[in-house]
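Using the sequences provided together with the hints, build the complete structure.
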Amino acid sequence: MSAVLELDDVAIRFGGVQAVGGVTRTVDAGDFVGLIGPNGAGKTTLIRIIAGLLRPDRGKVMLGGSDVTGESTSARVRAGLALTHQIVRPFREMTVLDNVILAAGIGYTSGPLRALLHVSRRREAERAMEILGSVGLTGTERRLAGELPLGQLKRLELARALAVDPKIVLLDEPLAGLNHAEASRQVETIMEVHRRGITVVLVEHNLEEVMRVCRRLIVLNNGVVIGDGDPWEVMANPAVQEAYVGSGMMAHAEA
Amino acid sequence: MSAYTISIVSIIGINVILAVSLNMISGFCGQISLGHGAFFGAGAYAAALAMVATASVPLALLAGVVAGSVLGILVGFASLRVRSDFLAVSTIGVNFLFVGFVRKQSWLGGEMGISGIPPTGFGASGNMIMILLLACATVVFSLYVSRSWMGFAFRAVGEDEQAAATLGIGAGAYKLAAFGIGTALAGLAGALYAFFTQFITVDAFDFILSVMLMAMVVIGGIGSTWGVVAAAVGLTLLPEAIRFVNDYRLLVFGGMLVLVIRLAPGGLAALVHNLFARTRKA
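Residue numbers (this note's numbering), protein chains in the order written: chain A, 1 to 255; chain B, 1 to 282.
Treat the hints with care, as some may be off.
[Unchecked claim] Just some of the chain A residues that point at chain B, by a computed CB distance under 10 Å:
id, residue
1, T84
2, R89
3, E93
4, I101
5, G197
[Stated by the list, open to error] Quick list of simulated restraints, FRET-style, between CB atoms:
id, chain 1, residue 1, chain 2, residue 2, range
6, B, L80, A, E93, 15 to 25 Å
7, B, R147, A, R55, 28 to 38 Å
8, A, E93, B, R83, 34 to 44 Å
No lab work stands behind these hints, which were simulated from the structure alone.
The structure displayed is predicted, hence computed values, not measured ones.
We put the CB at the ideal spot given by N, CA and C, even for glycine.
This is how it looks when you write it as structure tokens:
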């Protein structure tokens with residue numbers, strides 16, 4: 001299997017805290033990886049490093065075999081990475097449809113000159129409608145994104161991530177803030193994304209859903225990997241259990 | 001047409017180019033620039049020097065465009081490094097620096113400016129027609145940009161750079177493009193101004209002009225090409241019609257700017273849009 005994402009000894013320090021301390025991992029094409037860990041384990045920091053929102057102090061990030069450590073977020077997205085933010089960031093003053101059309105137009109917006117020479121949005125609009133349908137947002141197309149409730153904005157984030165036609169998506173807590181029905185609906189969509197052949201890396205506090213859908217679990221604690229492999233085997237690992245003692249998350253998983 | 005009408009129409013054409021080009025930077029792409037007068041001035045001085053040296057209109061136009069955009073791209077690089085409110089302050093600084101610098105340069109005529117710029121040979125009405133044609137071309141180009149994927153990406157960058165990046169849109173390249181295009185057009189306006197007056201001093205490119213241009217953009221409706229054109233025409237005629245406005249330009253334009261932001265942030269364009277929406281419902 002070919003590697004979509006490789007991390008080689010990635011580390012970053014914030015002041016006196018080693019937020020991520022030398023993570024080396026490979027994510028293969030078609031993987032469905034859950035990235036979990038107690039609060040402050042460095043999950044979001046690691047995601048931000050992969051996405052290019054943070055520069056690591058050392059180490060390399062490779063996408064599809066090429067080193068992107070020095071590249072901007074937008075360049076990584078053009079190289080096949082998509083991400084959703086923990087806190088949703090739609091373009092509030094655009095319609096829901098325009099939000100997704102803009103993402104679908106990634107082939108035109110890669111550079112200003114290219115963008116200037118193209119006007120037609122018909123094909124992208126069709127694609128956007130299709131994607132909005134697949135995440136369950138049909139009927140909201142003409143509304144301003146700023147008017148949508150959180151549950152729908154979370155789906156809009158996912159729709160935009162899909163519209164850039166990624167090889168791998170990083171989902172940072174896509175279920176946070178959703179009620180039970182909304183969350184299981186969102187999980188269905190994420191599984192559908194994976195079935196389409198897109199590699200998924202899921203950061204999530206909802207351990208129950210993570211255990212249900214992920215094929216591989218990576219556990220971070222204090223910025224280092226303490227478990228990696230089959231979800232149930234990883235969770236049975238005493239070191240992982242110890243990391244979770246007192247965090248209340250095991251109780252949540254068993255509930 | 002009287003000489004007075006010709007000169008007013010010429011000034012309107014130049015102000016339309018300036019306001020529409022500023023709207024591309026501040027309206028389309030959300031980069032607040034309060035130093036548009038400096039790029040206008042750079043274009044005017046470059047064109048004046050080119051005219052004095054070669055008496056060639058195309059060369060002078062080219063010199064104006066190049067001077068405006070080179071200075072614009074330099075300032076654009078600064079915009080990559082600062083937050084938007086600091087950008088507004090730094091562009092004010094650019095305007096003052098420009099005026100202060102030119103005042104002390106003997107090769108630019110210092111306080112006296114550059115006089116005796118050779119005529120274009122088109123006559124006053126010929127100049128006016130050239131100005132109007134280029135103003136129309138600028139308006140058409142602006143309408144095109146806002147419909148293109150570039151305008152779409154500009155709106156994204158203006159609203160949230162990080163969110164734009166996650167859609168593969170590199171904010172830096174777009175901000176530079178906005179500054180490059182907007183200031184090239186300001187330079188063009190500068191060249192036309194040099195043709196029109198045949199005599200330039202640095203006072204014509206001061207901060208007050210930049211505030212007036214921003215007032216045109218905001219009153220017209222940030223991001224709306226037609227609204228900005230309407231405001232540019234209206235605000236150019238206002239000081240001509242009312243003497244008081246001419247005496248207190250900064251006060252009047254500054255006051256209108258604040259009032260519009262406070263009471264009707266969408267400007268003329270939003271007012272007209274709402275009016276239409278209401279009539280259609282009725």
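The hints, checked one at a time:
1. With a cut of 10 Å, the hint placing T84(A) at the interface with chain B holds, because the nearest CB-to-CB distance is about 8 Å.
2. With its C-beta approaching chain B no nearer than about 4 Å, R89(A) sits inside the 10 Å limit, and its interface hint holds.
3. Hint status for E93(A) relative to chain B: holds, with the closest Cβ pair at about 6 Å, below 10 Å.
4. Proximity of I101(A) to chain B holds as hinted, the smallest CB-CB distance being about 8 Å (cut-off 10 Å).
5. For G197(A), the interface hint is violated, the least distance from its beta-carbon to any beta-carbon of chain B being 20 Å, above 10 Å.
6. Between L80(B) and E93(A) the beta carbon distance is about 23 Å. The supplied range of 15 to 25 Å therefore holds.
7. Evaluation of the 28 to 38 Å hint for R147(B) and R55(A) yields a pass: the beta carbon distance comes to about 37 Å.
8. Taking the beta carbon of each, E93(A) and R83(B) are about 19 Å apart, not inside 34 to 44 Å as hinted.
Consistency with the previously given hints fails for numbers 5 and 8, ordered from lowest to highest.
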